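Which chain is which? The protein sequence lines are L and E, in order. Take 9 as the starting number for the first sequence in the numbering used here and just add one per residue. Take 149 as the starting number for the second sequence in the numbering used here and just add one per residue.
Bear in mind the hints are in silico, worked out from the structure with no lab data behind them. Quick caveat: nothing in here was measured; it's all calculated off a predicted structure. Just so you know, even glycine gets a beta-carbon here, dropped at the ideal spot from N, CA and C. Just so you know, not all the hints are guaranteed correct.
Heads up, incomplete: computed chain E residues facing chain L, CB under 10 angstroms, no partners named [stated by the list, open to error]: (1) ALA230; (2) VAL232; (3) PHE233; (4) LYS280; (5) ASP310; (6) LYS319; (7) ARG321.
Chain residues, written in single-letter form:
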Amino acid sequence: MHIWKGFYFAVGRRRFFEFLAFSAFLLFFFGPLLNLVMLAFSDEYTYPSFLPSALSLKWWTFVLSQKNLASSMALSFLVAITTTIAALLICIPAAYAFARFRFPFRRFFLFSFLITNAFPKIGLYVTMGILFYKWNLMGTFQGVIIIHLINTMMFMTWIPAGAFRTIHQEQEEAARDVGASRLRVFFHITLPTAMPAILVASIFTFLASLEEAQGTLLVGLPNFKTIPVVMYTVIFDYPATAGAVFSIILVLPTLLLLTFARRFVGTDAIAAGFKMK
Amino acid sequence: MSDNRVKLSINGMTKKYSNGEGVADIDLTVHEGELVSLLGPSGCGKTTILRVLGGFLKPDKGNLYLDGVEITHLPPEKRPTAMVFQSYNLWPHMTIYENLAFGLRLRKLPASEIKESVARAVALVQIEGNEKKYPSQLSGGQQQRVAIARALLIKPAVLLLDEPFSALDAKIRSQMREELKKIQSDLKITIVFVTHDQEEAMAISNRIVVMNRGGIEQIGTPEEIYDAPSTRFVAEFIGDMNFLQTQEGKVMAVRPENININIDSNGGDNLNGTIETMMVMGHFIEMILNSEKGRIKAFLPRGGNRRFREGDTVSFSIGAHRMFTE
C-alpha cells in the first residue's frame, strides 16, 4: 500500500489515473492475446489452476498433423486472393463512379453498402441460402466467393471512392490536356494516386476473407473447408488449446499485412473513405 | 509585337450551365503571338471561355477555329492547346521530371529527345535541380513554373492560363508575371490569359477583353481600356474613377489624375471643394474632396510649392472625362 501512496504523490493525481487507465487498457488489450499464446504452448490446462501445469508443443504437433491442414490453408489463401481480385474488379469502377459522377439515388446506393454490413449476417446468409439452392451455388467455389464478396463490398467501395474524391479534377484534365485519352488518364493518373487507399482496402478485403467462417461454413461445406471452418470443428471437438494454436496461425498473416499496410499508407487514406459526400 | 495573322477565333459561342450562368454569343479573335487577357469579376464567364477553348466544356452553340481549322468538337487530348490551371496542376505521384516528360512520352518521342526537351524547359522556367523532387516538395511558385514548362513542352498552338498566379504571394506574382511576359516574347507564343486582377491584365496583355455577366463589355489595348472605357462597367472596374452626376441625367466619369487641383490660387472659374482626407502615397498625394459635385478622389503630384492641409478649401477643374447614360 505504501508503495502506491508514494507513487501517487510522486507522479501527481492526473498522471496516476492516467497510469491506471493505461494499465487497464493494456490488460484488456494484451491479456487475451497473452492468454492465447500461453494456451497454445501448454500441455494441459484445466479449470481451477491459472497457469498451465506443463508447457509443450503437443497441440502444435496435433494441429499441424491434421491431414487437411495444408489443403485448408491453401484453400483459404486461394479464396482470399480470388475474393480480393473479384472485389477489385467490381468495386473500383463502382468507387470511381460514386466519386466522379452525379446520378440519381447516388447516396442511397452508397449507403446501401453499409446495410449489408449492418444486418445480422446469419439472417442474410439464410435468405441467400434459398437463392443459392435455386441457382445451384450451394457447396460451390463460386458460392463461397460470392458470400465473401458481400462482406467486403463496403470497404472496397468506400475507401477507394474517398481516395478518388481527393484527386482534383484539374489533375485529370491536365493529363488529357497533354494528350492522354480518358482510359490513359485513369490508369496513369487516377489509379496510381488512389493506390494507397486501394491497397488498404485490398488488405482489409483479403483479411476479412481469410477469417470468414460463418458464411463459408453454411455455403461451402462439405466441399470447401477453409482454415476458420476447420478451426470451428476443432474447437468443438478438442480442448481450447487446439483452438489457440489455430488462432495464432490465423493471426500471423494478419499481423504481417497490417505492418506492411502501416508502413506504406497513412490513416488519412482510410479516414477519407468514410466521408458520406 | 503581334502580326495580323489570325490564330484563334471564337464565333457566336454560347455555353450555359443548368443554373443559368455561363456565356452567350461570344465573338473573339486572337492574333498570332498575341497575349490576350480575359478580365472580369468572378462569375463573369471568363473561365468558361477558357475551358471551352481547352475542350473541357462543350459549347451549346458557335464554332472555334485554330489556325483555320475547326476545333469545336475535338476532345482536349486532340487539341493543340495547353492549359495551366490555378492550382493542382501537377501529378503528386510523379517526380517533376516525370510530370514534364509525360506528354512527350505519350507522343512516343525517343528518350534522349525527351531528356533534352525537358532540360531546356527546366532551364526556361528556372527550376533546375528539382527534377527528382515530387511536387509537394516545391513551393507554390515553383509548382506553377513546372506547370508552365509542362504546357510549353507539348508545343501548343495556344497556351491557356487560368489565373495561374492568383494563389501566389504578391511579390512572387509580379515576378512570375514578368517572366511569363519574357517567355511569351522570346518564344512568340499566343496566350489567352484569364484573370480577375486588373493590374495583372494591364501589365502583361497586348489586348484585354473585359467581361461581365457572361458577355464581353469591351475589347482593347490596356491604354484603350483605361483611357476610353466604352461602358460604365468598364469605367468602374478598371482603375480608380469618380462618377459625377450632371444635369442632363448623365454621369460624368473622371479619373483622379484628371482632377486638376489649382495650386496657385483659390476661387476663380473653377469648382471648389474642402479636403476631407489626404494621404501621401509616395510620389503622389491622394485627396478626397468634398465639393458641390459630391465626394471626389484626386491624385496630385508631390513637390509643388503649396502645402495642403485637411480642411483647406481648394479650387479644381475637371480634365479628360467621359459621359455615360445612367
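Checklist entry - Going back to the hint list, which numbers does this structure go against? => result When the structure is compared with the hints, numbers 4, 6, 7 turn out to be violated.
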